[in-house]
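Kindly generate the complete structure, drawing on both the sequences and the hints.
Number of protein chains: 2
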Amino acid sequence: MRIRLRLSVLVLVACVLVAIGACQRAPGSGQEVSLVIIGGTVVTVDPSHHVFSPGAVAVNGRDIVAVGRADDIGRRFTGAETIDASGQVVLPGLVNTHGHAPMVLYRGLADDLALMDWLQQYIFPAEARTVTPEFVRIGTRLAALEMIQSGTTTHTDMYYFEEEVARATREAGMRGVLGESILNFPTPDAKTPADGLARAEAFIKAFRGDDLIVPAVAPHAIYTVDEQWLRASRALADKYGVPVILHISETEDEVRTSLEKHHARPAEYLEAIGFWGPRTIAAHGVWLSDAEIAILKRHNVALSHNPESNMKLASGTAPIVKCLNAGVLVALGTDGAASNNDLDMFEAMRQAAFLHKLQTMDPRALPAGVALEMATIRGATALGLDREIGSLEVGKRADIITVSMKGARQTPMYNPVSHLVYVSKGDDVQNTIVNGRVLMRDRKVTTLDEARVLADARAMAERVRAAVKK
Amino acid sequence: MRIRLRLSVLVLVACVLVAIGACQRAPGSGQEVSLVIIGGTVVTVDPSHHVFSPGAVAVNGRDIVAVGRADDIGRRFTGAETIDASGQVVLPGLVNTHGHAPMVLYRGLADDLALMDWLQQYIFPAEARTVTPEFVRIGTRLAALEMIQSGTTTHTDMYYFEEEVARATREAGMRGVLGESILNFPTPDAKTPADGLARAEAFIKAFRGDDLIVPAVAPHAIYTVDEQWLRASRALADKYGVPVILHISETEDEVRTSLEKHHARPAEYLEAIGFWGPRTIAAHGVWLSDAEIAILKRHNVALSHNPESNMKLASGTAPIVKCLNAGVLVALGTDGAASNNDLDMFEAMRQAAFLHKLQTMDPRALPAGVALEMATIRGATALGLDREIGSLEVGKRADIITVSMKGARQTPMYNPVSHLVYVSKGDDVQNTIVNGRVLMRDRKVTTLDEARVLADARAMAERVRAAVKK
Chain A
249 MRIRLRLSVL VLVACVLVAI GACQRAPGSG QEVSLVIIGG TVVTVDPSHH
299 VFSPGAVAVN GRDIVAVGRA DDIGRRFTGA ETIDASGQVV LPGLVNTHGH
349 APMVLYRGLA DDLALMDWLQ QYIFPAEART VTPEFVRIGT RLAALEMIQS
399 GTTTHTDMYY FEEEVARATR EAGMRGVLGE SILNFPTPDA KTPADGLARA
449 EAFIKAFRGD DLIVPAVAPH AIYTVDEQWL RASRALADKY GVPVILHISE
499 TEDEVRTSLE KHHARPAEYL EAIGFWGPRT IAAHGVWLSD AEIAILKRHN
549 VALSHNPESN MKLASGTAPI VKCLNAGVLV ALGTDGAASN NDLDMFEAMR
599 QAAFLHKLQT MDPRALPAGV ALEMATIRGA TALGLDREIG SLEVGKRADI
649 ITVSMKGARQ TPMYNPVSHL VYVSKGDDVQ NTIVNGRVLM RDRKVTTLDE
699 ARVLADARAM AERVRAAVKK
Chain B
249 MRIRLRLSVL VLVACVLVAI GACQRAPGSG QEVSLVIIGG TVVTVDPSHH
299 VFSPGAVAVN GRDIVAVGRA DDIGRRFTGA ETIDASGQVV LPGLVNTHGH
349 APMVLYRGLA DDLALMDWLQ QYIFPAEART VTPEFVRIGT RLAALEMIQS
399 GTTTHTDMYY FEEEVARATR EAGMRGVLGE SILNFPTPDA KTPADGLARA
449 EAFIKAFRGD DLIVPAVAPH AIYTVDEQWL RASRALADKY GVPVILHISE
499 TEDEVRTSLE KHHARPAEYL EAIGFWGPRT IAAHGVWLSD AEIAILKRHN
549 VALSHNPESN MKLASGTAPI VKCLNAGVLV ALGTDGAASN NDLDMFEAMR
599 QAAFLHKLQT MDPRALPAGV ALEMATIRGA TALGLDREIG SLEVGKRADI
649 ITVSMKGARQ TPMYNPVSHL VYVSKGDDVQ NTIVNGRVLM RDRKVTTLDE
699 ARVLADARAM AERVRAAVKK
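The listed protein sequences derive, respectively, from chains A and B.
Using our numbering, read the first sequence as starting at 249 and increasing by one per residue.
Using our numbering, read the second sequence as starting at 249 and increasing by one per residue.
To be clear, the hints were calculated from the coordinates, so they are not data collected in a lab.
Any given hint could be a false lead.
Each pair may be met inside one copy or between any two copies, as identical chains are not told apart.
[Unchecked claim] Below, computed lysine to aspartate or glutamate pairings styled on EDC-like, alpha-carbon distance capped at 20 Å:
1. Lys654 with Asp697
2. Lys654 with Asp704
3. Lys654 with Glu698
4. Lys654 with Glu710
Here the structure is a predicted model, which means the values were calculated and not measured.
This is the structure in structure tokens:
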């Protein structure tokens, strides 16, 4: 009996010692992975809204292999590379669902003008005289630099020479859903809509299956693309199973013209001609009626809300709370920097939260958590990429950013989600990771030669200046 | 004749040589002054909207002694200290005309709630349990750190223990127009409105004539201060010739209550009781009627517009374009960080420009130049300080900031004023100068111990957290 007791005690002591040993095992003695981000507050944006503080994320190759408490992850994994995220928030990379990347080269070229004066005196002449493959390449590099610096890991684009946008995006290491534009009239890269469509098909063939680039078809809008080419765009997208991107109901004038020409509002007209289909991202939707909101919901069309552009251009206030209540998937975009004038998705989040509280006169409308989802998981879902990105979950691609909360502006911090939406700015981002690759480390972008990108952009700006000179 | 000619030639040659010598005189050989800021684009915000690029500003002691082209200033002045502002914009320090500095300690404590829930569940209990002289001191230091870092050189305040706000503001080297609050009910520093008024008088006596601090009287609002104490506040201000600060028409509820109680809208009621007078700054004015706008104009009352706070709290959209058209002086404020949630005046400028384009559905409304004036010279005028600050002009105090335009987000730069309003953020500020003293040099604040300020604020936040714990 006594011996048994002693044996039990010995076994117990041994077990305790083993347990203590496990606890005290030096960090770094676990499974080897490529990257461990540890020490920050991890805001996962997963379905259960998990937050780990201090938390950690383990990445191997391009994938997230673990998300959880810092002590647990630290014990289980050793990173070939480690990012100390203490004093920072770790979250999914931001997803910008609407933009025209090369137009950064026109940012601030002209402001505070009526839309037609702005277009006809500045943007159209500048585009006619300056948009070349070189312009698109230089502009996209500048945009990629700004986006990586401000925590955007996936961008959505519709412009010309989209293959240049794709190559520059891929070289910068970013993810992109990129649509070659189709318009009725001659564009910098296509004399006719048939040319545009052929270019779009060649673009899809060149980039489908790419690890970072999702090619798409981008019929510009109903007031610039006739029914024939809208139908052809949809058919092309369906043939290859790629997304469709277009502008819809950005201005009241667009609705008026649609009613005159088609006796239907834009979303109704597009339904009538059988345009709506899978994986469609409609940008703006400022003037959507209740019936049109129901149409978007019926066809699972995602709406890309661009609050800053809509305010600056005085387009109007999109009925976002109505859309959310109707179950429409709403994501966020910045629009091109010619009409915003930057690509900061933190500002898009804040502006969405502010604007819809004001519009509904309800400070509870569009709370911080919803704004954050619109810039992450809902953006990923809009682009058809929610199984790959948009939240920090095991098995997803490692598209991750870390945001400093150490400064005066972020002090004190009662709630990390509130701070991400209401006080964070793009420049607070410290590290940007896409597909497991660190594109920015401690604010130093590793994939672009910053000085060269800026110098090329400034040189190109001289050509723009000359093009609009009176 | 020949000799005369030779002599003339010699004199001519000598003159030319002297002239060349003057041109080539090494920079630094001119009149000695305390500080020269040289090489940037100088946006003066003077009545003629002068911009010098490259430009320079010479400062001696607390005063601006020259503003102009870099080559001219460089030749004429040598600075004991020099700031190289190349790649930056140099402009007047920003003037925040409404805030509650110590409330930075409540930033993000609670968001996205109905106003009464927010106040009754969070702000009121927190204030009742945590506002002490120490709280106000620690909070103001944190606010000053954030303001100096984001280019605000003058702030306007109404809170409790205002002498602590004044001391912390002065220690940080900032300028402040600071009002001791007067309310009907017991506050953290006064049991009765009579106590509050006595404290306000003592505060005025202690700080009048100060080089940086302008003491003021701050009756909170018509729904928190009875007629007797509104009249007494005005009398006190008149006795000492100091400014009056109050909230007006922030919410529709305030107007409703005023109509019920006084059978007049707020500005009408205040006119009826003879409250309006010189140097008065009324904050918000969201629900001003046309008749009330005329009242503000008639009494030269300045309106402090706080677009971010009004949006986040869903207070409404102030009729700013109407006010401007009626000739009312409109300046900008951030409001306290509990309702914004930061003190970035660049965001206030951008939000004002965006919001009123949207409200009027006119992209030409509130152009960048007007937003910039509202944050500088119009702010100074609102506070009665336009002869001292608000623009870069000879004889004014040297309240100056420099803002980087070198990054991807600011590239290219076609128009510096557009970039200041539409793409700049507080963190782009590199140098902040008040009264000729450099408070921040290359983003390092010289007048505050940053680590200590942040640590004190975090410790105080623990008390706040405990105070609102359910």
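Consistency of the hints with the structure:
| no. | hint | result |
| --- | --- | --- |
| 1 | Lys654 with Asp697 | between (28 Å within a copy, 15 Å between copies) |
| 2 | Lys654 with Asp704 | between (34 Å within a copy, 13 Å between copies) |
| 3 | Lys654 with Glu698 | between (26 Å within a copy, 11 Å between copies) |
| 4 | Lys654 with Glu710 | between (39 Å within a copy, 16 Å between copies) |
Violated hints: none; the structure is consistent with every hint.
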